[in-house]
Amino acid sequence: MTENKFNHHHHILPLKVYLGIGSALIFLTVVTVAVAQLHLGQFNLVVALGIAVLKATLVGLFFMHLKYDNKIFGVIFLSSLCFLGIFIIITMSDTLRRGDIYPEVGTPIISKSAIYDNMPQDSTHEGEEHHGEATGGH
Amino acid sequence: MNDNKIIETHPAENTPEWFQHHFTDSEQQQESAKLGMWVFLLTEVLFFGGLFCAYAIYRAWHPEMFYNAHKALDWRMGGLNTIVLIISSVTMALSIRSFQLNQQKQGLWLLVVTLACAVTFMVVKYFEYAHKFHVGQLPGKFYHFTGIEGTNPHIFFSVYFLMTGLHGIHVLAGMGVITWLILRAKRGHFGPDYYTPVEVTGLYWHLVDMVWIFLFPLFYLIG
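Chain order of the listed sequences is A and B. Per our numbering, the very first residue in the first sequence carries number 144; after that it's consecutive. Per our numbering, the very first residue in the second sequence carries number 340; after that it's consecutive.
It cannot be assumed that every hint is accurate.
As the list claims (entries may be wrong) - Some chain A residues close to chain B (C-beta under 8 Å, calculated; not the full set):
no.: 1; residue: Asn-150
no.: 2; residue: Phe-216
no.: 3; residue: Phe-226
no.: 4; residue: Ile-229
no.: 5; residue: Met-235
no.: 6; residue: Val-248
no.: 7; residue: Ile-252
no.: 8; residue: Ser-254
Treat the hints as calculated values from the structure; they're not laboratory data. All C-beta atoms, glycine included, are put in the ideal place defined by N, C-alpha and C.
Produce the complete structure using the sequences and hints provided.
What follows is the structure in structure tokens.
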């Protein structure tokens with residue numbers, strides 16, 4: 144068929160690419176669950192998010208065709224992630240440093256929400272502010 | 340630049356039904372549709388991003404409570420839902436590929452399988468939510484469960500229901516659109532020359548999958 148303005152055909156990925164990436168995603172899910180069983184402290188979050196980023200990259204590049212499409216789509220998507228990054232980084236750099244100068248502002252004002260006032264006390268609660276105790280700052 | 344894309348004046352009878360005449364050719368039409376969807380996906384990233392930021396703040400303020408509360412979630416159901424969505428992304432991508440190869444029946448069935456995966460996801464989610472409602476692990480002021488240690492465990496469930504709920508709404512919306520695609524595919528609307536609606540729906544669906552890829556470890560697998 145001679146190409147006219149109605150039948151521009153695009154790059155078609157082979158079946159095994161889709162199946163391969165799908166298998167990789169399932170494998171990485173299993174890895175994520177397995178690593179979560181290990182106790183790596185703060186590193187757990189880093190590893191879990193790192194694997195999630197890798198999975199998202201595979202979905203974006205291959206399933207969403209960013210590797211083969213017009214580069215503007217990748218630029219648009221990356222820019223959304225950049226702005227999300229700015230949002231979270233600036234917010235966290237504020238909220239995590241609130242107690243640096245005045246410790247009083249480092250934690251929420253009310254440590255225990257009022258919704259627990261009418262709930263039966265659970266014996267597993269330790270170190271909680273007990274309802275009715277006279278303490279300052281509430 | 341490209342000799343094939345001559346601007347011609349076509350009489351209306353000779354053009355395919357799906358072709359919109361304000362475009363130069365089908366490639367420009369398809370690229371424009373994808374551009375529109377990618378810009379929409381940008382807004383979706385920021386939409387969920389705000390909630391991810393809220394998650395980060397509350398988890399930073401109450402790390403032990405988040406750890407304790409997350410045990411109320413069943414990682415096997417979350418894991419199953421992750422696999423289900425990954426499979427649905429594969430079938431969605433393969434459906435587009437089928438239409439590219441003029442395998443219309445296969446394309447239609449792959450859309451049906453994608454829809455079935457989405458239904459499965461929502462059924463699993465229903466069981467998860469139903470259990471939480473039953474024991475009182477509800478968002479915000481409706482929370483009345485007493486088995487979780489730490490300050491203000493209702494915060495965890497507030498963030499959980501907001502994020503997974505918003506994601507679930509996106510899955511439902513996707514199910515509606517995929518159903519519409521199935522009806523159009525049955526009428527033979529899609530083929531190698533025109534599969535754009537399936538492609539842009541696929542882009543949306545992959546983003547929904549991506550969001551869950553992050554939600555799963557953040558809620559179900561707190562180490």
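Hints versus structure:
1. Asn-150: 5 Å, holds
2. Phe-216: 5 Å, holds
3. Phe-226: Holds: closest Cβ of chain B sits about 7 Å from A/Phe-226, inside 8 Å.
4. Ile-229: 10 Å, violated
5. Met-235: Holds. Min distance 6 Å.
6. Val-248: Interface hint status for A/Val-248: violated (12 Å vs cutoff 8 Å).
7. Ile-252: 12 Å, violated
8. Ser-254: The hint holds - A/Ser-254 has a Cβ within 8 Å of chain B, the shortest such distance being about 6 Å.
When the structure is compared with the earlier hints, violations turn up for hints 4, 6, 7 and for no others.
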